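Fit chain E to the supplied structure of chain G, relying on the hints for placement.
Listed in order, the protein sequences are those of chains G and E. Heads up, the first sequence is in the working numbering, so the first residue is -15 and it goes up one at a time. Heads up, the second sequence is in the working numbering, so the first residue is 301 and it goes up one at a time.
Check each hint, because a few of them may be wrong.
[Stated by the list, open to error] Far from chain G by the CB rule (all over 10 Å, computed), these chain E residues: (1) 307; (2) 361; (3) 363; (4) 369; (5) 384; (6) 400.
[Said to hold, decoys possible] In the SDA-like style, the derived pairs of lysine to any residue whose C-alpha atoms are separated by at most 25 Å in a straight line are: (7) G:55 / E:344; (8) G:-2 / G:28; (9) G:-7 / E:384; (10) G:41 / E:384; (11) E:381 / G:87; (12) G:55 / G:82; (13) E:408 / G:26; (14) E:404 / G:25; (15) E:381 / G:93; (16) G:-7 / G:83; (17) E:408 / E:376; (18) E:408 / G:24; (19) G:-7 / G:57; (20) G:-7 / G:64; (21) G:-7 / E:341; (22) E:404 / G:24; (23) E:404 / G:23; (24) G:41 / E:303; (25) G:55 / G:29; (26) G:67 / E:380; (27) E:404 / G:28; (28) G:-7 / E:401; (29) G:-7 / E:337; (30) G:54 / E:395; (31) E:404 / E:370; (32) E:381 / G:90; (33) E:404 / G:87; (34) G:-7 / E:381; (35) G:41 / G:8; (36) E:404 / G:70; (37) G:41 / G:82; (38) G:-7 / G:87.
No lab work stands behind these hints: they were computed from the structure. Predicted model only: the values in this text are computed from it and were never measured. Ideal placement from N, C-alpha and C gives every residue a C-beta, glycine not left out.
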Amino acid sequence: DGGITQSPKYLFRKEGQNVTLSCEQNLNHDAMYWYRQDPGQGLRLIYYSQIVNDFQKGDIAEGYSVSREKKESFPLTVTSAQKNPTAFYLCASTGEGIGYGYTFGSGTRLTVV
Amino acid sequence: GQSLEQPSEVTAVEGAIVQINCTYQTSGFYGLSWYQQHDGGAPTFLSYNALDGLEETGRFSSFLSRSDSYGYLLLQELQMKDSASYFCAVTENFNKFYFGSGTKLNVKP
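Pulled out of the complex, with its shape left as it was, chain G reads as follows (with noise of 0.2 Å):
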């Protein structure tokens, strides 16, 4: 079955230190999007790609990283200069256009200890 894998499911970081997010999809999709979610609130843009090579910034790109070698993959890096990264992030891609909405991914939830 197509769909989106994000890994891992719970994601633990020291202070000071980098993490990626694993994000694969095998939809065939060519824009991939990344969302951050905090308790009780609504999801936030943090980076987004249309096409291989590409990527955009969103609203909250200040301390992540991106990268799209791949259309199948678009891994999220949570730099040390992130001085809030405890939440949940969802990946997302769409295909078809954007009006058949995005398909999420499971979710990676990061603390921070």
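Then chain E, alone, in the frame of chain G:
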């Protein structure tokens, strides 16, 4: 920029009808979407409205008025499994969506 307003919480009984409103302000507008998210889960796409009017999909309907910058999600014959958070989202340029803060729907027996 953009802003979206929706109620933070709504409570209804099983079998009833509930309406979740969303008002938005954007510099450009292409369409309004609705997503459902159960606790701890990922959002799932429910509907998309680009034109004025009502779109019906089973027990769920979504309405848009572009002139009023307003839309709503209507849930009929409520079931316990409908207890979740519901998010409206707007797209300004057909590249990405901006989400509201969500409405938590509590369905009681």
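Open item on the list: If you test the structure against every hint from before, which numbers come out violated?
Closed with: 6, 10, 16 and 26
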